[in-house]
Every structure is written in C-alpha cells, then in structure tokens.
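Engineer: The chain contents come next:
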Amino acid sequence: MKRISPKAEIAKTAIIHDDVEIEENVVVHDYVVIYPGTVVKARAEIYDHCVLGKLPTSPGSTARTYSSEYGKTVIGGNCILCPGVVLYTGTTIGHNTLLGDYCSIREKCVIGDYCIISRNVSVNYETTIGNHTKIMDNSHITGNMKIGNHVFISVLVASTNDNSMGRDDDAVKHLAGPVVEDYVTIGAGASLLPGVVVGRNAIIGASALVTKNVPAGKVVMGVPARVIRDI
Amino acid sequence: MKRISPKAEIAKTAIIHDDVEIEENVVVHDYVVIYPGTVVKARAEIYDHCVLGKLPTSPGSTARTYSSEYGKTVIGGNCILCPGVVLYTGTTIGHNTLLGDYCSIREKCVIGDYCIISRNVSVNYETTIGNHTKIMDNSHITGNMKIGNHVFISVLVASTNDNSMGRDDDAVKHLAGPVVEDYVTIGAGASLLPGVVVGRNAIIGASALVTKNVPAGKVVMGVPARVIRDI
Amino acid sequence: MKRISPKAEIAKTAIIHDDVEIEENVVVHDYVVIYPGTVVKARAEIYDHCVLGKLPTSPGSTARTYSSEYGKTVIGGNCILCPGVVLYTGTTIGHNTLLGDYCSIREKCVIGDYCIISRNVSVNYETTIGNHTKIMDNSHITGNMKIGNHVFISVLVASTNDNSMGRDDDAVKHLAGPVVEDYVTIGAGASLLPGVVVGRNAIIGASALVTKNVPAGKVVMGVPARVIRDI
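Chains as they are written, first to last, in this note's numbering: chain A, 309 to 539; chain B, 309 to 539; chain C, 309 to 539.
Treat the hints with care, since some could be wrong.
To be verified - The list that follows gives simulated cross-link-like pairs (lysine to aspartate or glutamate, EDC-like), each with its CA atoms no further than 20 Å apart:
#, chain 1, residue 1, chain 2, residue 2
1, C, 416, C, 476
2, C, 526, A, 476
3, A, 416, A, 434
4, B, 320, C, 326
5, C, 349, C, 327
6, A, 520, A, 490
7, A, 520, A, 489
8, A, 526, B, 476
9, A, 349, A, 332
10, A, 349, A, 317
11, B, 380, B, 329
12, B, 526, C, 476
13, C, 320, A, 326
14, A, 310, A, 326
15, B, 349, B, 317
16, A, 380, A, 434
17, A, 320, B, 489
18, B, 526, B, 489
Said to hold, decoys possible - Per the computed footprint, the stretches of chain C lying under chain B, defined by three or more beta-carbons under 8 Å from a beta-carbon of chain B, are:
#, region
19, 363-369
20, 376-386
21, 495-504
To be verified - Residues from chain B that face chain C, not an exhaustive set, calculated with beta carbons under 8 Å:
#, residue
22, 406
23, 446
24, 515
25, 535
No lab work stands behind these hints: they were computed from the structure. Ideal placement from N, C-alpha and C gives every residue a C-beta, glycine not left out.
All chains, please: the whole structure from these sequences, using the hints.
Structural biologist: Set out below in structure tokens:
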C-alpha cells in the first residue's frame with residue numbers, strides 16, 4: 309500500500325514501490341527509486357536519481373549475511389537529499405539534514421538532525437551519528453561506529469572497525485567501530501583504527517593516524533598520532 | 309524558453325527543463341536532467357544520468373545560505389561528461405574538458421579548457437581551475453581555491469579552506485582556499501591546509517601534509533612537508 | 309541483435325542497446341543502461357542506474373587515445389551490481405562478485421570470482437584482480453595494476469602508476485602499476501607508488517606510504533614505509 313500526500317510533488321518518472329509513505333509538501337525529482345518500507349516526512353526534497361530503502365544483498369562474497377525483508381527507512385522532515393543518494397533499508401535520517409551527491413548510507417544506521425553528510429561519503433551499517441554533526445566529502449565512516457553531536461569530520465577521513473583487516477571471517481562477530489564523542493574535530497586525511505575512543509572536544513590533526521584513545525580536550529597530530537597540547 | 313539545435317541528438321528520456329540552450333552536434337544520453345540556465349556548447353557529449361545546473365539548497369544545517377535563482381551554467385564545446393556528473397548552477401566548464409564518472413562541481417566554479425576532472429572528484433564552490441590541468445580520481449578540491457594551468461593533482465588528494473575546521477560558523481566569512489600555481493604536481497594522498505600557496509613548478513610528494521607555503525621549484529615531502537631539494 | 313532470456317526480469321525503464329546478451333534469471337532494475345557488447349550471465353542482479361559497457365572517450369585532454377569500437381563486457385553469474393555501477397567496455401567480472409554503489413571500472417580489466425569492489429572505488433584500465441579479493445570503499449586502483457587472490461585493500465587506499473606524475477605525456481608508454489601478491493593486506497589510507505611489488509602475505513599498515521618493494525611475509529608501516537617485523 310502506498311500513502312502519498314496529495315500535497316506532495318512527485319516527478320512522473322519517479323518509481324515508487326509498494327509500502328511507501330510520502331508526507332505533505334515533499335518534492336521528489338526525476339528518476340528517483342523508492343523501495344518498500346520507506347517514509348519520507350514533510351517538506352523533504354529528494355533530488356534526481358536517489359535510491360531509497362534498498363535491501364543489502366550478497367552474492368556469497370561477503371562475510372555477513374542479510375535478511376531479505378525490508379525494514380523501515382525514514383527520511384526526516386525538511387531533509388534535502390542531493391542527486392544519487394543511496395539509503396539502505398532500516399536507516400533513519402533525522403530532520404533538517406543534508407545528504408550530499410552520491411553519498412551512500414548502509415542499513416540500520418541512525419543519523420541525527422541538522423547534520424551534513426557530504427558528497428561521496430560512504431557510511432557502513434549500524435552506525436549512529438548525533439545531531440549537528442558534519443562529515444565532509446569523500447570520507448568513509450565504518451560500521452558500528454558511534455559519532456556524537458556537533459562533531460566535524462573533514463574530507464577524506466578513513467575509519468575502520470576490523471582489527472584483522474579482513475584476515476579473519478569470524479571478525480564480523482567482534483567488530484569495533486571507533487567512538488567519537490561530542491564536539492570532536494577530525495582533520496582532512498586522518499585515519500582512525502578500530503575501537504579507538506576520541507574524547508569530547510578533542511582535535512585530530514590533518515593526516516594523523518589515530519592508533520589509540522585520545523583524551524578529551526587534547527590536540528593530537530602525526531603518524532602515529534601523539535598528544536601535542538591541550539585545546 | 310528552450311533553444312535546442314535540430315542538429316543535437318537528445319535521448320527521449322532526457323529531462324530538459326525550461327531556459328536551456330543546446331548547440332549543434334551535442335549528444336545527450338539517457339536519463340540526463342538539465343536544469344534552467346544551462347548552455348551546452350557544440351559537440352559536447354553528456355553521458356547517462358548527468359545532472360546539470362542544479363541549485364544549491366540548504367535545510368538549515370549549512371553555515372552558508374543560498375540564492376534560489378538559477379545562474380548561468382556553461383559546458384564548453386567538445387566537452388565529455390561521463391555518467392552521473394553533477395554540475396551546480398553558475399559554474400562554467402571550458403572546451404575540450406573531460407569530467408569523469410560521478411564527479412560533482414559546486415556552484416560558481418570556473419574550470420578551464422583541456423582539463424580532466426576525474427571520477428568521484430568533488431569540487432567545492434567558487435573555485436577556479438586553469439587550462440590543461442588534471443585532477444585525478446577521488447580527490448577533493450575545496451571552495452575558494454585557485455588552481456593554475458598545467459597542474460597535476462593525483463588521486464585521493466585532500467584540500468581544505470577552513471582553519472577553524474568547522475568550529476566557527478563565522479569562518480564562512482574568511483575562508484582561505486589554497487593557491488596552486490602553474491605546473492605544480494601534487495602526489496597521491498597529499499593534503500593541503502587552508503591558505504597555503506604552492507609555488508610554480510613545485511612538487512608535493514605522495515602522502516605529504518602541506519602546512520605552509522611551498523617555494524616555486526622545490527620538492528617537498530613528509531608529514532608535515534619539508535623541502536627536500538630543488539626540482 | 310539482442311539475446312534476452314525470457315526468464316530474465318528486466319525493468320521497463322532499462323535501456324538495452326543492440327548486441328546485448330542477458331541470460332536466465334538475471335534481474336535488471338530501473339534506469340539501467342546497457343551498451344553494446346555486454347553479456348550478463350545467469351542470476352546476476354543489476355541495480356538501478358548502472359551503466360554497463362560504456363566506451364572510453366576523450367575530448368583531446370587525455371594522454372591516451374581510444375578505439376571507438378565496443379569490446380566484450382562480461383558480468384559473471386550471480387554477481388550483484390549495486391546502484392550506479394559504471395563498467396567500461398572490454399572488462400570482465402567473474403562470478404559471485406559484488407560491486408558496490410557507484411564503483412567505476414575502466415576498460416579491459418579482469419576481475420575474479422567472489423570479490424568485493426566496494427562503494428566509490430575507481431579502478432583504472434587494464435588492471436587484473438584475482439579471486440576472493442576485497443577492495444573497500446573510496447579507494448583508487450590504478451591502471452596496469454596486478455592484484456592477486458585473497459587480497460584485502462582497506463578504505464581510502466591510493467595507488468599510482470606514473471613516476472612522472474603527469475609531467476611526461478610519453479609516460480603512457482611505460483606506466484608501471486604496483487603488483488600486489490596473494491593474501492596481502494593493505495591498511496586504510498595507505499598509498500602505493502608506481503611499480504612497487506608487495507610480496508605474498510605482507511601487511512601494509514594504515515597510512516603507510518609504500519615507496520619500494522615489500523618482501524613477502526613482512527609488516528611495514530610509516531611514511532615512508534619501513535619493515536617493522538615478520539607476520
């Protein structure tokens with residue numbers, strides 16, 4: 309069953325699969341594809357070629373296996389999804405959040421309000437991101453990561469969650485995404501190793517390699533990163 | 309009003325909004341979307357799924373605000389835009405330039421002739437790029453950056469323009485993109501901090517972090533980058 | 309001539325050009341474009357907006373020139389191509405391989421079976437990748453590279469093949485992609501310089517810059533990378 313507000317503006321070329329709900333004053337541009345289980349809340353704007361609510365699937369080459377049932381995918385009120393955004397099923401986006409061109413967010417993530425997830429950012433499964441957080445272009449956010457409020461992650465930042473680096477298929481059972489607390493700033497080109505905790509209001513310098521926990525309020529730099537000073 | 313040359317070859321599935329001009333012998337492939345204010349000059353080829361002349365918009369999560377009026381977007385003669393290229397309104401691309409798959413260029417940029425902006429490259433607003441310049445795959449070019457002629461920027465290069473790293477919303481008033489002079493070469497994985505000037509014909513080594521100006525004709529390497537030798 | 313199995317499930321919006329073969333139980337989603345010379349083998353699933361079998365073309369800004377004839381592009385049985393994948397003509401993908409959202413693979417590559425090429429990965433021309441190899445999100449694989457079996461390449465890894473870094477147009481005649489032997493692991497944010505050989509079962513640490521050959525079974529780290537220990 310589809311529930312589409314008569315006050316929504318849907319391009320004729322948009323493909324709306326069954327079991328989709330679109331609230332009032334939503335705008336859906338051309339060639340968008342919306343899969344079952346998706347709710348688009350009031351006044352959100354979905355630009356051309358977005359794909360929303362996609363099932364994760366595997367041809368047998370992934371360590372994880374997937375359910376073939378659609379979850380609930382929610383795009384919050386006033387969000388803007390730029391061209392080509394891909395959202396996987398079961399992910400929730402808060403209100404007033406901007407998703408940049410071609411960013412892709414995997415299943416079961418929770419993204420907050422007033423965030424920016426910028427162009428070409430790839431976010432893996434089951435990650436949570438707070439409110440007012442910005443993740444800039446071409447960065448990768450790993451699975452099972454926890455990112456707080458008012459965090460700024462610059463461009464081309466890498467994060468990882470698998471200490472075995474793909475060498476142990478059982479590693480999927482004990483993956484450890486980094487934890488990034490509120491008000492943290494991470495510079496361009498930095499990398500976070502699995503399980504590191506970056507304390508509140510810390511600053512990670514550009515190109516830094518974070519191999520261990522960073523205390524709150526400290527500035528770290530270098531490869532590997534070392535504490536340079538207090539904020 | 310649309311002005312489409314009868315000698316242009318436009319796929320039936322292309323969406324051409326009002327106020328678009330397409331010159332002779334242009335080829336527009338399937339599922340392309342062209343927004344108002346866009347001019348595509350003679351013999352350019354626009355591959356499938358490109359989105360041209362898009363307005364920048366904000367749900368209130370960005371520090372910048374935007375005009376809701378379309379500017380003039382120009383794609384020069386003989387250009388090739390590969391699948392999924394996104395151009396924002398008010399950007400001008402010179403002639404004989406190649407834009408790779410899924411590269412995205414924000415509003416009010418000026419890109420020269422005979423350039424390559426390769427796959428997944430994201431270019432921010434109001435940046436200028438000269439002629440015969442190549443920016444390779446998955447790199448990010450920040451806003452307000454000035455890049456000269458015959459520059460080569462390798463893959464996964466990061467550039468930044470905000471010394472506050474998102475910590476100061478007023479920073480949008482005094483952003484400082486790097487300046488890259490003619491004939492500069494920047495290696496893979498390098499990062500440029502805000503406002504640095506890279507002098508003519510300098511070479512930045514792979515993985516280098518450029519924290520201060522680089523004199524013309526010098527080779528720099530390391531994190532942070534230091535002068536190693538003359539060219 | 310098209311040869312499309314009556315047992316294939318093709319969305320009405322898919323554009324299938326001439327000289328395409330689609331085997332039984334293939335699923336082609338909406339707004340896919342398939343160019344001539346493409347074969348999609350049994351049970352492969354092609355998600356929305358993929359572009360398969362595209363010709364490489366040049367507006368005169370590239371050092372290479374291209375044939376205007378389509379080669380043979382093969383997608384193996386049981387493969388899954390996520391939304392927006394771009395494959396260039398003459399590339400072969402083995403069976404049971406997953407291509408992530410918006411990955412792009414240039415012409416004349418050979419990718420093996422049971423591989424993952426993840427989101428936003430760009431692969432250049434004439435590269436070969438073995439079986440059971442994973443290349444994670446936002447990495448770049450250069451042209452003429454040889455990657456073995458059971459290799460793991462993490463996120464935001466850069467690789468290069470041109471020692472002149474674009475300074476010599478004749479360099480296209482003697483490009484040297486890195487060689488990555490079987491069972492190698494490469495950490496997040498690492499960079500490989502042209503022509504390096506990474507020996508069997510070696511580990512490259514995150515953020516490392518590989519400037520020379522890495523012996524088999526060694527762990528290397530740092531900028532530039534140095535041998536730290538045996539596996």
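Engineer: If a hint holds in the structure, say so; if it does not, say that too.
Structural biologist: Hint-by-hint comparison with the structure:
1. 416/C with 476/C: With Cα atoms ~23 Å apart, residue 416/C and residue 476/C exceed 20 Å; violated.
2. 526/C with 476/A: 18 Å, holds
3. 416/A with 434/A: 5 Å, holds
4. 320/B with 326/C: 17 Å, holds
5. 349/C with 327/C: 14 Å, holds
6. 520/A with 490/A: 18 Å, holds
7. 520/A with 489/A: With Cα atoms ~15 Å apart, residue 520/A and residue 489/A stay inside 20 Å; holds.
8. 526/A with 476/B: At roughly 18 Å apart (the allowed maximum being 20 Å), residue 476/B and residue 526/A satisfy the hint.
9. 349/A with 332/A: Holds - the C-alpha atoms of residue 332/A and residue 349/A are around 8 Å apart, at most 20 Å.
10. 349/A with 317/A: 13 Å, holds
11. 380/B with 329/B: 11 Å, holds
12. 526/B with 476/C: OK: residue 526/B and residue 476/C at ~18 Å, within 20 Å.
13. 320/C with 326/A: With Cα atoms ~17 Å apart, residue 320/C and residue 326/A stay inside 20 Å; holds.
14. 310/A with 326/A: 6 Å, holds
15. 349/B with 317/B: Distance ~13 Å between residue 349/B and residue 317/B Cα, so the pair holds.
16. 380/A with 434/A: At roughly 14 Å apart (the allowed maximum being 20 Å), residue 434/A and residue 380/A satisfy the hint.
17. 320/A with 489/B: 47 Å, violated
18. 526/B with 489/B: 13 Å, holds
19. 363-369: Since three or more residues must qualify, the claim that chain B covers the region 363-369 of chain C holds, with 5 doing so at under 8 Å.
20. 376-386: violated (count 0)
21. 495-504: holds (count 3)
22. 406: OK, holds: residue 406/B within 8 Å of chain C, min 5 Å.
23. 446: Interface hint status for residue 446/B: holds (5 Å vs cutoff 8 Å).
24. 515: With a minimum Cβ separation of about 4 Å from chain C (threshold 8 Å), the hint on residue 515/B holds.
25. 535: At 16 Å from the nearest chain C Cβ, residue 535/B fails the 8 Å test, so the hint is violated.
Checked against the numbered hints above, the structure violates hints 1, 17, 20, 25; every other hint is satisfied.
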